[in-house]
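Enquirer: The lines below spell out each chain.
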Amino acid sequence: MTGRESNRIKDAEKKRVLDSAARQRRARKALEALEQDNFHDDPHADLVMSKKLPKFQESIKNCKEKKGKRKGAEYFRAKYRKNFQQLLEEEKQKPNYESAAAPAPKKPLRHFCAVCGNFSNYSCTACGTRYCRVRCLQTHQDTRCLKWTA
Amino acid sequence: MANAVIVLDNGAHTAKVGLAHQDEPRVIPNCIMKAKSERRRAFIGSQIEECRDTSALFYILAFQRGYLLNWDTQKTVWDYIFSKDGIGCTLDNRNIVITEPQMNFQSVQEAMLEMLFEEYRVAGLYKTTAADLAAFNYVADSEERTTMQSLNCIIIDVGYSFTHIVPFVLGRRVQEAIRRIDVGGKALTNHMKELISYRHLNMMDESHVVNQIKEDVCFVAEDFKDTMRVHQSEAKRKQVAIDYVLPDFTTVKRGYVRIPGHPREDEEQQQMVPLCNERFTVPELLFNPSDIGIPQVGIPEAVADALQACPWQAHRELLLNILIVGGSSQFPGFLPRLKRDLRALVPDDLEVSLICPEDPVRYAWYGGREIATSPNFDEFLYTRDDYEEFGVHALQHR
Chain A
2 MTGRESNRIK DAEKKRVLDS AARQRRARKA LEALEQDNFH DDPHADLVMS KKLPKFQESI
62 KNCKEKKGKR KGAEYFRAKY RKNFQQLLEE EKQKPNYESA AAPAPKKPLR HFCAVCGNFS
122 NYSCTACGTR YCRVRCLQTH QDTRCLKWTA
Chain B
839 MANAVIVLDN GAHTAKVGLA HQDEPRVIPN CIMKAKSERR RAFIGSQIEE CRDTSALFYI
899 LAFQRGYLLN WDTQKTVWDY IFSKDGIGCT LDNRNIVITE PQMNFQSVQE AMLEMLFEEY
959 RVAGLYKTTA ADLAAFNYVA DSEERTTMQS LNCIIIDVGY SFTHIVPFVL GRRVQEAIRR
1019 IDVGGKALTN HMKELISYRH LNMMDESHVV NQIKEDVCFV AEDFKDTMRV HQSEAKRKQV
1079 AIDYVLPDFT TVKRGYVRIP GHPREDEEQQ QMVPLCNERF TVPELLFNPS DIGIPQVGIP
1139 EAVADALQAC PWQAHRELLL NILIVGGSSQ FPGFLPRLKR DLRALVPDDL EVSLICPEDP
1199 VRYAWYGGRE IATSPNFDEF LYTRDDYEEF GVHALQHR
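These protein sequence lines map, in sequence, to chains A and B. Quick note: to get the working numbering, add 1 to the position in the first sequence (first position is 1). Quick note: to get the working numbering, add 838 to the position in the second sequence (first position is 1).
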């Protein structure tokens, strides 16, 4: 027998606590974001470029002659399309990319407040984010805590 | 000798390129950029200088995680570089000195050879790493006091995608001792972007502007804890806190640090971001990547670790010749901090001396120029005949 109350509200009232796996997943996501080239989408994505438009180059004469010999960017994209992960897996001989990585630190980690950046002594009970004082915790809960659960 | 050699230090962010007889290289962004304001075209390399409004610049980079993976992007940029608008000469039938990252992947090397020989029809190439070129230049700079055969040195290359520690013993790169830290200019900019966007105003789309902010205001704290204390105390906070005036691309073309008491015209109407601990916690990642959860040691410990992998007989000289190159080493305070940390980590009977060239960005290129103009350059060269006879395999045994 279920009551008539909304499940959505009931779920929201329950205090959610992220387990360590979820926290790790979030941390990894944050690190991957540091590798991003762009945060936003291609501003020209909605433009339709017509390939039929003639491109006026000075050396229009040489173009035909080149075509026979050269393979063009298409060819290279098709032939060397392996992504970084695939390349990593291929690499067997040591020393390689993986063996060259700097070792893990032996010193204990330093913690910083996610809100203001000072040294932090506390962590949020729900998501594990570090904070330094009550005011920062408040800001954290209002803005970030579990707001973008990964 | 008919054609001058082209030297190309092909970095993930900027390509340093020029003819070997020129005094200095051109630094060209190694990417294609799209601007929100200019919808008809994309900007390739230095064409970005023609763009008046660089807000929300969209980058298309040829490099991913420091390795050349997007060949069509790279080809577009190279086409631009070796055209009339670029350095003004083609690669046709010329020799080229070109750099690749440390521990480059086999398939990427193959692609590069095929591209250069088949597409650009180079006569011959010498493929090496920026660290090797820097080491060569270091020897050339020493005015015959050291030769390449007797060189013991450590090159720290703080690049865009990552940082490499590369020891050379008796002039040879010690492959097993190379250490990589996955922090470079790109991670720093992205981290700073996140901090500013969360704390002040959303600049997640503004990599280009934040990169300029980073270059303008960031510094490495000599004593991190101490600087943090300065930041936290109300009285001393002024020493590090600044306001940065953001560009609006009409009156202010490039952002700048506000000088209190000397306002520029219309300054009150401009958008500003207050910056304080961001200024030194961001470059701090080079010294403590674990601060944001990267499970690696910072530069000083990585140098000490690389040192352990080298023969002990070389340790003394290695520590005396530590050379720092790469764009992200230009933060003020980088050198004293590194020296301080490194001093604490290595045996006290060994002296530590760091050398930071005047121009750490172009330093490797100058080394390439030295190699290209050296009398025995032909011995290094991998020629078209080699390529046609043995293909890529001949390069492995060199």
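A few of these clues could be false.
Unchecked claim - Under the rule of at most 27 Å between Cα atoms (straight-line distance), these lysine-lysine pairs were calculated in the DSSO-like manner:
1) 913(B) to 108(A)
2) 80(A) to 1091(B)
3) 965(B) to 95(A)
4) 965(B) to 83(A)
5) 108(A) to 30(A)
6) 108(A) to 93(A)
7) 108(A) to 874(B)
8) 83(A) to 913(B)
9) 83(A) to 30(A)
10) 922(B) to 965(B)
11) 1076(B) to 1063(B)
12) 93(A) to 965(B)
13) 874(B) to 1091(B)
14) 107(A) to 1063(B)
15) 83(A) to 93(A)
16) 965(B) to 913(B)
17) 1063(B) to 1074(B)
18) 80(A) to 965(B)
19) 107(A) to 83(A)
20) 107(A) to 1177(B)
21) 107(A) to 95(A)
22) 874(B) to 913(B)
23) 80(A) to 30(A)
24) 80(A) to 93(A)
25) 1063(B) to 1177(B)
To be verified - Chain A stretches covered by chain B per the calculated footprint, using a threshold of three residues with CB under 8 Å from any CB of chain B:
26) 78-89
27) 122-135
To be verified - Partner residues aside, some chain A positions facing chain B, computed with beta carbon under 10 Å:
28) 5
29) 6
30) 22
31) 23
32) 95
33) 98
34) 119
Honestly, the hints are just simulated from the structure, not real lab data. Please read all numbers here as calculations on a predicted model, not as lab measurements. Every residue gets a Cβ at the ideal spot worked out from N, C-alpha and C, and that includes glycine.
Enquirer: So, for every hint listed, does it hold in this structure?
Expert: Hint-by-hint comparison with the structure:
no.	hint	in the structure
1	913(B) to 108(A)	44 Å, violated
2	80(A) to 1091(B)	42 Å, violated
3	965(B) to 95(A)	20 Å, holds
4	965(B) to 83(A)	21 Å, holds
5	108(A) to 30(A)	24 Å, holds
6	108(A) to 93(A)	31 Å, violated
7	108(A) to 874(B)	45 Å, violated
8	83(A) to 913(B)	17 Å, holds
9	83(A) to 30(A)	22 Å, holds
10	922(B) to 965(B)	25 Å, holds
11	1076(B) to 1063(B)	17 Å, holds
12	93(A) to 965(B)	22 Å, holds
13	874(B) to 1091(B)	16 Å, holds
14	107(A) to 1063(B)	19 Å, holds
15	83(A) to 93(A)	16 Å, holds
16	965(B) to 913(B)	17 Å, holds
17	1063(B) to 1074(B)	14 Å, holds
18	80(A) to 965(B)	21 Å, holds
19	107(A) to 83(A)	35 Å, violated
20	107(A) to 1177(B)	20 Å, holds
21	107(A) to 95(A)	24 Å, holds
22	874(B) to 913(B)	24 Å, holds
23	80(A) to 30(A)	30 Å, violated
24	80(A) to 93(A)	21 Å, holds
25	1063(B) to 1177(B)	17 Å, holds
26	78-89	holds (count 7)
27	122-135	violated (count 0)
28	5	40 Å, violated
29	6	35 Å, violated
30	22	15 Å, violated
31	23	15 Å, violated
32	95	8 Å, holds
33	98	5 Å, holds
34	119	6 Å, holds
The structure is inconsistent with the numbered hints 1, 2, 6, 7, 19, 23, 27, 28, 29, 30 and 31, although it conforms to all the rest.
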